[in-house]
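Here is what each chain is made of, one letter per residue.
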Amino acid sequence: MKTFFLYRVELRRLALSKFTWIVTVLSLCGPLTGYSFLQQSNASVMSGQYIANPVLAGTVIGAILWAVLTLIESNRVYRNKTDILTDAIVSPIRMAFVRMTALASLSAAACFLCVLAYLPYTIVKMDYIFNPALYMMSFLILMLPTWWISILLAAAIYQIVQRVELAGLLYVVCVYFSFSRFANSDFFSRWINPIIITYSDGFSSLYYLRIALYTRVLWLALAGGIWTLSLICIRRYQKNLLVSFWRSLRKVYLPVTAAALMVTGIMMWRGQPFVDHGPAEFQYWDYYNTINDSKISAVTYRLTAKPESGQLHSIAEYTSTSGGSGIKSIWLNPGYKILRIMCDNQPVSFTATSEFQGDSQRTDFNLTQSGWKTLTIEYEGYPTMLRCFAPYTWGNEVTSDYVSLNNFSSMPSLTGLNFPGTFTLELTLPGYMTPLLNHQFIEDYTLNTDGTKTWTKKESSYIIWLTACDYNVESFNAAGMNVNFVYSKKYETIMTEYNMQEALAEVLSYCTEHLGRLSWAGGSSLMMVQRSAISDGGNAGEGWVEWGESTFTAGNLSDPLKGANAAEVFVHEMVHIWWGGLGVNCGSEWDVSNNDPWSDEGLTVYTTYRLMKDKYGEEYAKQYYIDVWQAAVDIQERGFYYRNPEYLDRLPEQYRADLSTMNRGTNLYSRMPLMILKAEQLVGGEEKMDEILRSVQSRFANNGFDKPFTYQDFLDACGLQEEDLILD
Amino acid sequence: MIKILKYEIRRLLFNKFFLGLLVINGIFAWYTLSSDTVAGIAYTAPFSPWSFGAYLSSVMPLIMITVLFLLTYFHSKKEKQVEVLTSATPIDAVRYMLIRNTAVTLGFLFLCLFVVGLCLYFYVVYFNYRNFAVFIIPALVTILPCYVFMMGAGHCIGRIHSGLLYFLMIISFAVSVVKVPDAFDLFGGSYYSNFPLTLPAGADGEPAFVLSAAFLTARGLYLVIGIVLFVISVRPVRKK
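Residue numbers (the numbering used here), protein chains in the order written: chain A, 1 to 728; chain B, 1001 to 1240.
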């Protein structure tokens, strides 16, 4: 009762304090900076521009302001030298608890005011894209807990050092740490600036909110633990830190609570379910060359998405005519827990190893008898992202608005088994979702009693891409091709407003005219798929193209003269239909150990440049393409490690990998286009080059990976020597 | 005088706060070396004068915060109360102030030697580079104006109110983050990062270490302002 009474008194005192009001008003202004210069999230999607950025800016600024208030209030009795009196009336530990709860209550009220203050503006700006749940969750998951963490840490530091200036300095060090490169590489360290690389307008933002919620709870536990520990350090009876600590230690509940909270935080950090616990560097797959001693006649994957928990439950069933015995291995996303492995209805023991390759972890199991008929593997869990991708938070997701599962996040790979070449997928999803398997529609489904649908498809190869969303499909014919344009229903207005169908048809017509008709045009259909901003960028393969959400946002589409930006990514990826995938395959792009600039990208970038030159003129093409390539090559050649590769060995492995990626990017996207441009000048101009490229298309398209179009083939087609294309 | 100096050194530098800040400075310096300097600044070698200058400009804000922290000893309320007594002693107030500032300068030099030593050790171990003479100019140009300016500003602002020194610490941190014209960057970080890009590469592929007139003028300006502020702030308080 006494504590509650003190809480009311303290709350009232703080609520009437002028300084509290200043902090509240400034905290309310904090989100304003997120609209312009303090942008921490992708502003090209509207939820990023109008929700994520203001909330994140308000989170950081408010956290610092409330920490300052906490430090001042914690120091107040000592500054006024009234601590001797107040300590005699109320225990300083109780008073610290009361002050903390009062500050937490006031910051909660300020956060609520923030929610109300920015609501009308956000609704007006976002219009039909506005998602009230996302708006509320952003404040409640990102802002409020971070303010509490900040208050707890500031109070804890002060209670330990009991000097306001030193506490302030240490607090600044903590803030700096959260923004440092170290915290960037491990986003769980970001206590004051939670990571939200992007939100999504058309798909789901739950992926990031889940990560943010987890890190906030983690840091609340850690900060709460440190703060509870700091209560023991509060100076008592005018004694120093050690004596006060010893005296307060007798209140056993304090160290026990502190330890419990800190252990909870540390356990949450160590056992986090979002990033795999494998090595920091990417491990390449090399397990394909294994002995296949078991002939499999049928494979069925039964996948059930559980959007409410973000998990996937799955059963993989293998039927064999002559199953072999011995140790076998499963490669599966490390986020999944294998529940059981059954061989002819008998349980099989299995052991997870510490070996990781790509986005999968190896689990070994022993088949003791040969001649088995059925092998089932049941697993469930939350697909994790690769550790090396953690700074970009690229991963798979299962949410109520979007399902995106690639490779080992959907199905296991077994070594030592000889596959039949086809499999059956049975995928259970919420009723409103439409799935795409390897960028193709699934036609057959059954409606379940709980409102979900089970989709069935027989497919060759593997599950490489599996996505599901409430899609809108536009089918049209362009340049003699049947095109299916698939995008989130929430983008329907934007796609209609900017007449995207016409823009896509325009690119297809240009490429058909200049590079030739694709051999499969008119027969197969071309799938053009929009994917979530969370896995932005673009991709293209056999009969499909996909783009991230940022490509089609109103901001990008409304400014065609912004330069080679996201709006032009869709052109680049569409050109890949001709260069790469089903078109002319140039080979070496995916061989990352190879620093050879020759790949599909060079020709794709060059063709994109030509299209843009045709559309916007020579000056535009020079400014946004040729000059950009030249600048990138100049910078590369100036690089110390590029000039002195012998020093590379002295660099930490991560830096070597970063430099190699950067050099490779320059070689593929800048150096080679410049070399092709030089070739264009040497062969006699654009028309001559188009003629050469058309002949290349007719000779090399559809050759696949076995017979790629090599650099020597390109030189031969142009009648040039290698030295002719060396850049000056 | 020596006795007073020894006393001031012991008071300012031989305490847990200075030791703690020294450790923080060391950790931050090593972190900067292994994360930023190792990559080389503006595509130059990690052991180029440009990279060395950029390294110094990265660690300088924290060193200056440490120095400002030492200045809080001079301008605290307690110190001002004691001033009544010290000003009654026969020692000349200006000389006394200079002795105390010598102690701070020694602390600053110790910190600088520490972070420069770490850098040189880094160059020897990772790159087997030992031609340290080329670092003298960037060291002088970076360190001296910063120190003199911050000492002058620190004393000046500390005389107004000791709490303002903490504000100056925040400003010092902010100056290293906020974009200003390259030549006028107090710590020189953006200058060392951008100016080499405008220079042609030499025979060895490295741009020569030449400083622009604008940058040198700005450094001189900081130096002069620092001296003026310092002179103003160390003038003796009139005896009441």
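Treat the hints with care, as some may be off.
Stated by the list, open to error - Once the Cα atoms are required to be at most 30 Å apart in a straight line, the calculated DSS-like pairs of lysine-lysine come out as:
1) A:K337 <-> A:K239
2) B:K1016 <-> A:K239
3) A:K239 <-> B:K1080
4) A:K2 <-> A:K81
5) A:K490 <-> A:K453
6) A:K458 <-> A:K489
7) A:K295 <-> A:K458
8) A:K81 <-> A:K125
9) A:K251 <-> B:K1077
10) A:K81 <-> B:K1077
11) A:K678 <-> A:K615
12) B:K1006 <-> A:K18
13) A:K306 <-> A:K457
14) A:K678 <-> A:K125
15) A:K239 <-> A:K295
16) A:K306 <-> A:K453
17) A:K373 <-> A:K458
18) A:K239 <-> A:K306
19) B:K1179 <-> A:K239
20) B:K1080 <-> B:K1179
21) B:K1016 <-> A:K457
22) A:K615 <-> A:K707
23) B:K1179 <-> B:K1077
24) A:K2 <-> A:K18
25) A:K18 <-> B:K1078
26) A:K251 <-> A:K295
27) A:K81 <-> B:K1078
28) A:K688 <-> A:K622
29) A:K457 <-> A:K295
30) A:K81 <-> B:K1080
31) A:K81 <-> B:K1016
32) A:K337 <-> A:K489
33) A:K707 <-> A:K622
These are calculated hints, taken from the structure and not from any lab test.
Status of each hint after checking the structure:
In summary, the hint linking K337 of chain A to K239 of chain A is not supported, as the alpha carbons are separated by about 53 Å, beyond the 30 Å threshold. Taking the CA atoms of K1016 of chain B and K239 of chain A, the gap is about 19 Å. The hint holds against a cut of 30 Å. Taking the CA atoms of K239 of chain A and K1080 of chain B, the gap is about 26 Å. The hint holds against a cut of 30 Å. Between K2 of chain A and K81 of chain A the CA atoms are separated by roughly 24 Å; this keeps the pair inside 30 Å, and the hint holds.
With a CA separation close to 22 Å, the supplied pair K490 of chain A and K453 of chain A stays within the 30 Å bound. A distance of roughly 27 Å separates the Cα atoms of K458 of chain A and K489 of chain A; the hinted pair therefore holds under the 30 Å criterion. This hinted pair checks out: K295 of chain A and K458 of chain A have alpha carbons roughly 19 Å apart, not beyond 30 Å. Between the alpha carbons of K81 of chain A and K125 of chain A the distance comes to roughly 52 Å, so the proposed pair goes past 30 Å and is violated.
This hinted pair does not check out: K251 of chain A and K1077 of chain B have alpha carbons roughly 36 Å apart, beyond 30 Å. Taking the CA atoms of K81 of chain A and K1077 of chain B, the gap is about 14 Å. The hint holds against a cut of 30 Å. A threshold of 30 Å between alpha carbons decides the hint, and for K678 of chain A with K615 of chain A the separation of about 21 Å falls inside it, so the pair holds. At most 30 Å may separate the alpha-carbon atoms for a hinted pair to count; K1006 of chain B and K18 of chain A exceed this at roughly 46 Å.
Of the pairs offered as hints, the one joining K306 of chain A and K457 of chain A holds, with about 20 Å between alpha carbons and a cut-off of 30 Å not exceeded. Of the pairs offered as hints, the one joining K678 of chain A and K125 of chain A is violated, with about 47 Å between alpha carbons and a cut-off of 30 Å exceeded. At roughly 78 Å between alpha-carbon atoms, K239 of chain A and K295 of chain A are farther apart than 30 Å, so this suggested pair is violated. Using a Cα cut-off of 30 Å, the hinted pair K306 of chain A and K453 of chain A holds, with the two alpha carbons roughly 13 Å apart.
Proximity of K373 of chain A to K458 of chain A is assessed by CA-CA distance (about 21 Å); at most 30 Å being required, the pair is judged to hold. For the given pair, K239 of chain A sits about 57 Å from K306 of chain A by alpha-carbon distance, which is inconsistent with the 30 Å threshold. Between K1179 of chain B and K239 of chain A the CA atoms are separated by roughly 47 Å; this puts the pair beyond 30 Å, and the hint is violated. About 37 Å separates the Cα atoms of K1080 of chain B and K1179 of chain B, which puts this hinted pair outside 30 Å; it is violated.
Between K1016 of chain B and K457 of chain A the CA atoms are separated by roughly 70 Å; this puts the pair beyond 30 Å, and the hint is violated. The suggested pairing of K615 of chain A with K707 of chain A is violated, with an alpha-carbon distance near 34 Å, which exceeds 30 Å. In summary, the hint linking K1179 of chain B to K1077 of chain B is not supported, as the alpha carbons are separated by about 35 Å, beyond the 30 Å threshold. For the given pair, K2 of chain A sits about 26 Å from K18 of chain A by alpha-carbon distance, which is consistent with the 30 Å threshold.
Between K18 of chain A and K1078 of chain B the CA atoms are separated by roughly 28 Å; this keeps the pair inside 30 Å, and the hint holds. Taking the CA atoms of K251 of chain A and K295 of chain A, the gap is about 67 Å. The hint is violated against a cut of 30 Å. Among the hinted pairs, K81 of chain A with K1078 of chain B is consistent with the structure: their alpha-carbon atoms are about 14 Å apart, no more than 30 Å. For the hint pairing K688 of chain A with K622 of chain A, the CA-to-CA distance comes to about 20 Å; that is within 30 Å, so the pair holds.
With a CA separation close to 22 Å, the supplied pair K457 of chain A and K295 of chain A stays within the 30 Å bound. This hinted pair checks out: K81 of chain A and K1080 of chain B have alpha carbons roughly 18 Å apart, not beyond 30 Å. Using a Cα cut-off of 30 Å, the hinted pair K81 of chain A and K1016 of chain B holds, with the two alpha carbons roughly 24 Å apart. Between K337 of chain A and K489 of chain A the CA atoms are separated by roughly 34 Å; this puts the pair beyond 30 Å, and the hint is violated.
Only pairs whose Cα atoms come within 30 Å are accepted, and K707 of chain A paired with K622 of chain A is rejected, the gap being roughly 34 Å.
Hint compliance for this structure: hints 1, 8, 9, 12, 14, 15, 18, 19, 20, 21, 22, 23, 26, 32, 33 are broken, all remaining hints hold.
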